[in-house]
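Residue numbers (the working numbering), protein chains in the order written: chain A, 1 to 306; chain B, 1 to 306; chain C, 1 to 306; chain D, 1 to 306.
Be a bit skeptical, because a hint or two may be false.
Said to hold, decoys possible - With a cut-off of at most 30 Å between alpha-carbon atoms, the simulated DSS-like pairs for lysine-lysine come out as follows:
no., chain 1, residue 1, chain 2, residue 2
1, D, Lys123, C, Lys42
2, D, Lys42, D, Lys28
3, A, Lys123, A, Lys261
4, A, Lys121, B, Lys28
5, A, Lys28, A, Lys121
6, D, Lys121, B, Lys121
7, A, Lys121, B, Lys123
8, D, Lys190, D, Lys121
9, C, Lys123, C, Lys190
10, D, Lys35, C, Lys121
11, B, Lys28, A, Lys123
12, B, Lys190, B, Lys121
13, A, Lys261, C, Lys121
14, A, Lys42, A, Lys190
15, D, Lys121, C, Lys123
16, D, Lys42, D, Lys261
17, B, Lys121, D, Lys35
18, A, Lys121, C, Lys121
19, D, Lys123, C, Lys35
20, C, Lys261, C, Lys35
21, C, Lys28, D, Lys123
22, B, Lys123, D, Lys121
23, A, Lys123, B, Lys121
24, B, Lys123, B, Lys261
25, A, Lys121, A, Lys190
What the hints assert, rightly or not - Some chain D residues near chain C, calculated using beta-carbon distances under 7 Å:
no., residue
26, Tyr62
27, Thr94
28, Ala128
29, Trp249
30, Gly263
31, Leu285
32, Pro287
Hint data in this document are derived by calculation from the structure and do not stem from the laboratory.
None of the values given here were measured: they were computed from a predicted structure.
Each residue gets a CB set at the ideal place from its N, CA and C atoms; glycine is no exception.
The residues making up each chain are set out below.
4 protein chains.
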Amino acid sequence: KRTASQAAGQRLDISGIYPPIATPFTEKEELDYHKLEENLQKYAQIPFKGLVVQGSNGEYPYLTEEERVEVVSRVRLSLPRDKLVMAGSGCESTRATVQMTERMAGVGADVVLVVTPCFYKGKMDSRALTHHFTQVADSSPVPVVLYSVPANTGLELPMDAVCRLAQHPNIVGLKDSGGDITRIGLAVHKTRALDFQVLAGSAGFLLAAYSVGAVGGVCALANVLGRQLCELQHLCVEGRWEEARELQWRLIEPNAAVTRKLGVPALKQAMEWFGFHGGSCRSPLQPITESEAQQLRRDFSSNGWL
Amino acid sequence: KRTASQAAGQRLDISGIYPPIATPFTEKEELDYHKLEENLQKYAQIPFKGLVVQGSNGEYPYLTEEERVEVVSRVRLSLPRDKLVMAGSGCESTRATVQMTERMAGVGADVVLVVTPCFYKGKMDSRALTHHFTQVADSSPVPVVLYSVPANTGLELPMDAVCRLAQHPNIVGLKDSGGDITRIGLAVHKTRALDFQVLAGSAGFLLAAYSVGAVGGVCALANVLGRQLCELQHLCVEGRWEEARELQWRLIEPNAAVTRKLGVPALKQAMEWFGFHGGSCRSPLQPITESEAQQLRRDFSSNGWL
Amino acid sequence: KRTASQAAGQRLDISGIYPPIATPFTEKEELDYHKLEENLQKYAQIPFKGLVVQGSNGEYPYLTEEERVEVVSRVRLSLPRDKLVMAGSGCESTRATVQMTERMAGVGADVVLVVTPCFYKGKMDSRALTHHFTQVADSSPVPVVLYSVPANTGLELPMDAVCRLAQHPNIVGLKDSGGDITRIGLAVHKTRALDFQVLAGSAGFLLAAYSVGAVGGVCALANVLGRQLCELQHLCVEGRWEEARELQWRLIEPNAAVTRKLGVPALKQAMEWFGFHGGSCRSPLQPITESEAQQLRRDFSSNGWL
Amino acid sequence: KRTASQAAGQRLDISGIYPPIATPFTEKEELDYHKLEENLQKYAQIPFKGLVVQGSNGEYPYLTEEERVEVVSRVRLSLPRDKLVMAGSGCESTRATVQMTERMAGVGADVVLVVTPCFYKGKMDSRALTHHFTQVADSSPVPVVLYSVPANTGLELPMDAVCRLAQHPNIVGLKDSGGDITRIGLAVHKTRALDFQVLAGSAGFLLAAYSVGAVGGVCALANVLGRQLCELQHLCVEGRWEEARELQWRLIEPNAAVTRKLGVPALKQAMEWFGFHGGSCRSPLQPITESEAQQLRRDFSSNGWL
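Full structure from sequences and hints, please.
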């Protein structure tokens, strides 16, 4: 069992770059496992640390429970063993999250990414969230990564909860998509003694996150420009900051376009341009309009990517 | 079938007061149908127009799909036929909402309450939401009520979408929990020609909503002070505004306590004080603390309810 | 001196409708006292309770101290004695507000309207604001009205501060422009024993505010449709709610257009259409565009006002 | 005159660290020029690029116009000529800002820092702000630095306005206090061809800002730990990122304490502990409480500064 490493006092090394993979659908909005497989074979050629399956960009809230587990299973079967499968197992209730975590571990997830529950956001304070993540980590067969993504959830995992949870032997890190670099630096600083790993949740601040001590990134843009993000990571790790900066600058606008500005439908459109299967989204997500597609193209082309 | 009335060009009359009923759990967080049944028998004695099952206060995001349907089924079987069962059938994806709507109608829901999807809130614009609600209403066997609750979802159903959707023959109204009374007045004004019905989503602005043309309310506080809210409705409908105002004033603080300030756990605690079964919530919702309980009690007692 | 009434334990009656008058400028952005005078003569014919001078719509942050005082002086000289002059004397610092209040009272202001300071909004808690308003009210020669306008200031005067300040003998009321009707009802309820008067800060929720106990309104739209707002007030006071509602509905969109949506430049444009002098704003406020002007016109014409 | 350099096509070099100096008051809230002078003599010993006078931390909204100019004058007279005086000349109206800019330049300011006007925040779009800053820069005798500080103003200078304004020959840079590192990187990237200089507006993200191309910082914390911030700058400029990171980490919590968490009163308290004159603030700013002082001390001591 993977958690044996844990017993030995060593945490799973999660440093590196991960694309939070998009989920391809057919025109009738059914899962398209064939296209998924083709994407996976291309991703296997890129020096990613692993893949995030069912992150926000995977449209996981639009999948059934069965589909969520099935996608993780297929990814694990397809992907070389040396790549990590980090599976998004978060649900609104603690009990559902515990069960989903077990199921995903059961089909081969190496580590789970657990988003903050958010529907009752007014009540999701440190106490509630610490309780939630502790319950999940206590029962999880695999290591847990905390996931804070305020743009979608409307709440941030409080820093005091991060610090407390970082002490849990089965919680190995935090993916922070909020982009508050001061907070990311503080999370690293406050958990230094704990072998706790912080991942940037977006390509827009990947270099800056490395500069304050993050060890990797889960970046939507890695679905499209995966090699470039691995190169950026490489430059940061090597301390070649000048070159890293030049590359980082050119990634900001494409990244904003496929995330904050135009979202998953734009990410999927850009994937098509770069040789991957993107396709349409499940409703209520709508395809981007013609003028949005032009704007998207401009954000890539003006930075030399198209 | 009720929708026959629709064919005849008449919309279902949804005017009146509804408690969005809380869902009782056992200590092990299992559904407690026995306690639910006892609550229902008490609610049947109060002149409610009906019950909302799986509104925000019903912890529906914490129930499995099976549980969501089963609770609706039990409520319909228990409740007298002259009371409406308004069932919350909203899910994140359009396809899941369509299916859940059909299942809930299948077990006897008279009308469904469909919340705005919200996970990809940056993309949930008028276009996406109009498409979503149109798809759901097209296929729903029962009338649909739109549901905007920004405190939980982080987004408001845009007014232009409300106006367009109000023209759909199977969309009969809007539950607005945002509390922006100007917006509620405008929604009534812009849909006057359409026999579209607006319900206040909270007891704090019930009188004010009536004053600008709303026809009822779905009020968490009705789980606790149901008769008083029906009395407030009665006074408003009769035009006895002076008396209505006196009553409204005394309901603001208790209502805030069980909603915005302390949430569902406080609602359930207050239910216990007033002879109903509240009990605990599912995790990650936590019980209120001792000091919160004192504050809660004060908000009721200082207004003469305890 | 008016405050003699105060010594007698009676507070100044501020109930009724007030336009927060716009400040006319010449093309070179100089104050145009001639146009101001002409507006005042027209306003004197409308059954307003008085005028608010240097409310948010008066562009007071763009006037020098001298100009602020001079405008109040001119208005007082021009306006019949039976109309109140409510002068906006708020500044960022307490000492400046104290001085401005004295100067405005010195040139004839009957009552002052004091906005919450807001630059250090993170520090403007109940403690700081209670201290500020108490200092101002202690030294003010005329009664003080509290002013909460979150759209401009980014903060709301906390309810506990309102309740505490309502006990001050020289604080007679609150103008609340936030539009949270639950809060307005609560402010009335919590200060009932104190002869404290709440004014609605916008025409969009005037009827609703009356329905929960407000006694008047300071409404930007009264610069344009002053008679109609006085008529709405009359209907509310008389308890003719059906008629009031019909009128209220037709005022929502014009009001939103000249406030939240298009702001002071639109208010001034609409004034021109209705026979008043509006003119341009001081920079950085820009004139509305052609397409905004069309939208503005539509918001008036579709409701039967143009 | 310094702007001669401008005619020669070279912009003023503003790279480096600046404390936005606090303004000392007597117990009666009068300006205390003696204490100011003593602080200045100490600051002159630290390798700052210069001082910001009347930044947000200088309580400038609480000073009269005369006081604002007088403080700038005194600072210029006291400070060695090789240190820049960057004076905050922003007012709400364009005309007042133009005048204040001239006056401050007249008493020796080397460069002015102009905050976004913010009272009518709903109308302060790119068009209005571009117009405002262009007017100011056109008439300013000294170079202009744009200043975006959303925590106080409630608005951010839009990126398209930054890019357009960066082309103005008399606008040399941007101080960005929002802390959105992606935006800071983008501002550098989009203005690279223009010799436009970006300064971090807070010590919490100083290293990260350097990592993406900023050239300095205006940091409240430099009033207290000025040498350390100059050391951090030195490490960044030298590319000694490992050491820089260690130092950056220890500055995050003290910085947060004197800015976002506890504000100017805490900054002034901390100044006292470190041998400077802080003293009290003008009302309505209140002194920190005893428990806040303990928290403040902890944020310094737990990072090894006290």
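To see whether the hints hold, each was checked on the structure:
| no. | hint | result |
| --- | --- | --- |
| 1 | D:Lys123 - C:Lys42 | holds (29 Å) |
| 2 | D:Lys42 - D:Lys28 | holds (25 Å) |
| 3 | A:Lys123 - A:Lys261 | holds (29 Å) |
| 4 | A:Lys121 - B:Lys28 | holds (23 Å) |
| 5 | A:Lys28 - A:Lys121 | violated (34 Å) |
| 6 | D:Lys121 - B:Lys121 | holds (24 Å) |
| 7 | A:Lys121 - B:Lys123 | holds (20 Å) |
| 8 | D:Lys190 - D:Lys121 | holds (25 Å) |
| 9 | C:Lys123 - C:Lys190 | holds (25 Å) |
| 10 | D:Lys35 - C:Lys121 | holds (27 Å) |
| 11 | B:Lys28 - A:Lys123 | holds (21 Å) |
| 12 | B:Lys190 - B:Lys121 | holds (25 Å) |
| 13 | A:Lys261 - C:Lys121 | holds (29 Å) |
| 14 | A:Lys42 - A:Lys190 | violated (38 Å) |
| 15 | D:Lys121 - C:Lys123 | holds (20 Å) |
| 16 | D:Lys42 - D:Lys261 | holds (26 Å) |
| 17 | B:Lys121 - D:Lys35 | violated (52 Å) |
| 18 | A:Lys121 - C:Lys121 | holds (24 Å) |
| 19 | D:Lys123 - C:Lys35 | holds (25 Å) |
| 20 | C:Lys261 - C:Lys35 | holds (26 Å) |
| 21 | C:Lys28 - D:Lys123 | holds (21 Å) |
| 22 | B:Lys123 - D:Lys121 | holds (25 Å) |
| 23 | A:Lys123 - B:Lys121 | holds (20 Å) |
| 24 | B:Lys123 - B:Lys261 | holds (29 Å) |
| 25 | A:Lys121 - A:Lys190 | holds (25 Å) |
| 26 | Tyr62 | holds (4 Å) |
| 27 | Thr94 | holds (4 Å) |
| 28 | Ala128 | holds (5 Å) |
| 29 | Trp249 | violated (24 Å) |
| 30 | Gly263 | holds (5 Å) |
| 31 | Leu285 | holds (6 Å) |
| 32 | Pro287 | violated (10 Å) |
Checked against the numbered hints above, the structure breaks hints 5, 14, 17, 29 and 32 and satisfies the rest.
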